[in-house]
Amino acid sequence: MKTLIAAYSAGGLQDSGAARLREAICSRLPRVGLTFQQNCVALTALAVLQWEITFLIMGLGCCILILYLLTTPLWPISALYLTWLTADWRTPEKGGRRSAWVRGWSVWKYFRNYFPIKLVKTCDLPSNRNYVFGYHPHGIMSVGAFCNFCTEATDFSKTFPGIKPSLATLAGQFRLPIFRDYLMAGGLCPVSRGAIDHLLSQPGCGQAVVIVIGGAAESLKCRPGSTHLMLLKRRGFVRLALRHGADLVPVFSFGENDIFHQVALPEGSWAQCLQTRFQKLVGFAPCLFHGRSMLGKHVFGLLPYSLPIHTIVGEPVSVPKIDEPTDEDVERFHTLYVESLVKVFNSNKLKYGLREVDRLVLD
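Start counting the sequence shown at 1; every next residue gets the next number (our numbering).
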């Protein structure tokens, strides 16, 4: 402050004094900027941490809260909610209840900037068609899928005007009180035939159902640098697209597999067998993984590593409407989809950190 006063006093309102004043202020700006930058880094990490905590424990926490309130004088709150829940039970299967306000929360921009995450458009998607987006790879928590299709942090609605994305996830999560409402607000829907049929059968067009094709089985193969996809035996999404005449759109996120390190369980070990059985029984895989912590990238924790994720939305595969598609129909359009996905990967891999020799490994 003394420096600023001295600069002003030396020149009064003269040009030389003003120049000294500007110089003195500018000499102080880098310190302010550094503090601001540090604050922004902390905010982005907190944004990601709250998202992880929400998806890992909010469902169970809400169940416990509802049951606990039933044992207190506040029991009418739980009773009223459970009564309403009974009447609202089928809403997730009937298009959900998305909220533009929740999707536009400022916290999602901090979430995006932590990595950062970018949505890359390769062509226009006409809003007079419906779409089935196939998202690859699954990664540990499908971070890119959530940020791009459940929030407006990457400006999806501006990038693809007239298209309404709905990310399909485990149906069991929509049975958890309160948590289900949070999921629906972001535009998530159950990955069930009934829910997807409802969305793609709505009057008008512009619906885009996003399915993480590899599912839980693919998450078990997630490793930094891995290009291993579970796709060759996945044909249900193609059959759905044919029944509704929805175009198939390949989506590949470079960097999705790099933000966590998964502990590799020995092949054939009891732990690996238990993990696989749990995945088949419950529908998701209990991965043993780690990232960094709030204390720094060299300390293990649950925060993902802040590495960039680039989500490439490829050209759609035009799909006709066939009420009862045959196996041959499904096979033909599945092949076209795989070819389109491989094209997206090969056309962009050098831009986003992979080598010319890297290839997609399909199972």
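No lab work stands behind these hints, which were simulated from the structure alone.
Just so you know, even glycine gets a beta-carbon here, dropped at the ideal spot from N, CA and C.
Some hints here could point you the wrong way.
[What the hints assert, rightly or not] Straight-line Cα separation of at most 30 angstroms, BS3-like style, residue types lysine-lysine; simulated pairs:
(1) Lys321 with Lys94
(2) Lys349 with Lys221
(3) Lys121 with Lys280
[Unchecked claim] Just the calculated beta-carbon pair ranges, DEER-fashion:
(4) Lys121 with Lys321: 24 to 30 angstroms
(5) Val263 with Leu295: 41 to 47 angstroms
(6) Asp327 with Ser99: 39 to 45 angstroms
(7) Ser99 with Val361: 47 to 53 angstroms
(8) Gly353 with Leu274: 33 to 39 angstroms
(9) Asp327 with Val299: 50 to 56 angstroms
(10) Leu65 with Leu295: 29 to 35 angstroms
Hint check:
1. Between the alpha carbons of Lys321 and Lys94 the distance comes to roughly 22 angstroms, so the proposed pair stays at or under 30 angstroms and holds.
2. Distance restraint check for Lys349 and Lys221: the Cα-Cα separation of roughly 20 angstroms lies within the 30 angstroms cut-off, and the hinted pair is therefore satisfied.
3. Simply put, Lys121 and Lys280 have alpha-carbon atoms about 35 angstroms apart, too far for the 30 angstroms limit, and the pair is violated.
4. Distance hint check: the CB atoms of Lys121 and Lys321 are about 26 angstroms apart, consistent with the given range 24 to 30 angstroms.
5. The hint said 41 to 47 angstroms for the Cβ distance between Val263 and Leu295, and at roughly 21 angstroms that hint is violated.
6. Judged by the Cβ atoms, the range 39 to 45 angstroms given for Asp327 and Ser99 holds: they are separated by roughly 40 angstroms.
7. The given range of 47 to 53 angstroms is broken by Ser99 and Val361, whose C-beta atoms sit roughly 39 angstroms from each other.
8. A beta carbon spacing of about 34 angstroms between Gly353 and Leu274 agrees with the range 33 to 39 angstroms that was offered as a hint.
9. Checked against the hint of 50 to 56 angstroms, the C-beta distance between Asp327 and Val299 comes to roughly 52 angstroms, which is consistent with it.
10. In this structure the supplied range 29 to 35 angstroms holds for Leu65 paired with Leu295, their Cβ-Cβ distance being about 30 angstroms.
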